[in-house]
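Q: Sequence:
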Amino acid sequence: MHGYKRWDESDRRKTMDPDVILSKAGLKPGMTIVDIGCGQGYFAVPAARIVGPKGRVYGIDVDADALELVDRKASDAGLNIKTIAAEAESAVACEGCADIAFFGICLHDFQDPQKVLANARKMLRLGGRLADLDWKKEPMEGGPPLEIRLSEQKASRLIADARFKVESVEDISGRYYLILAKI
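Mapping of the sequence shown onto this note's numbering: position 106 corresponds to residue 113, and the numbering continues sequentially without gaps.
None of these hints come from the bench; they were simulated from the model.
Taking lysine to aspartate or glutamate pairs in the DMTMM-like style, the calculated list, with each CA pair at most 20 Å apart, reads:
(1) 122 to 168
(2) 31 to 174
(3) 144 to 116
(4) 161 to 177
(5) 61 to 78
(6) 143 to 116
(7) 89 to 78
(8) 189 to 102
(9) 161 to 119
(10) 143 to 178
(11) 21 to 177
(12) 144 to 177
(13) 129 to 119
(14) 161 to 178
(15) 21 to 178
(16) 21 to 148
(17) 144 to 159
(18) 129 to 96
(19) 172 to 159
(20) 161 to 116
(21) 129 to 102
(22) 80 to 26
(23) 143 to 154
(24) 61 to 26
(25) 189 to 159
(26) 122 to 102
(27) 89 to 75
(28) 161 to 174
(29) 144 to 154
(30) 189 to 174
(31) 143 to 177
(32) 80 to 70
(33) 161 to 96
(34) 143 to 174
(35) 89 to 102
(36) 129 to 94
(37) 61 to 83
(38) 122 to 94
(39) 129 to 168
(40) 89 to 72
Fair warning: this is a prediction, and the values are worked out from it, not measured in the lab.
Please work from the sequences and hints to get the whole structure.
A: Below you can see the structure in the form of structure tokens.
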């Protein structure tokens with residue numbers, strides 16, 4: 008991470024409701040999702056509730072302490088989340104197993120986004136979907152420094168260069184964008 012302030016959970020939900028975002032990404036019961044850069048599980052935990060006992064959630068993050076928190080949340084709630092402590096540039100949770108590869112406010116943080124996107128592609132099954140939620144590259148309170156943010160156009164280009172077909176780019180609460188793409 009680039010040292011920006013963590014969100015207050017209630018404020019975050021007002022502009023970035025994980026259930027709404029995951030629904031827009033097409034997540035349904037029984038699916039498998041890989042949350043790449045999952046942090047403390049802001050999206051992974053709700054995803055596990057949505058996919059239910061027949062679904063699967065993989066959470067990948069470099070921060071082992073954050074993953075311990077995800078593991079505790081999952082255990083306390085009886086949810087199916089498999090965490091993997093690794094850099095996304097080297098992590099492949101499974102090959103061809105996922106319905107959705109999800110990036111929640113993190114594509115701008117990776118050292119090599121192309122390698123991370125290539126790994127996401129490996130994890131997706133045929134017809135799988137990539138969902139990239141990130142900060143708009145506009146001055147605003149909160150979030151990462153403007154200079155490291157990816158514009159919708161640059162993120163779309165990175166995704167297309169990784170051999171995904173960008174299907175849509177949607178504004179979320181005026182602060183974020185959601186890019187949906189397929190293999």
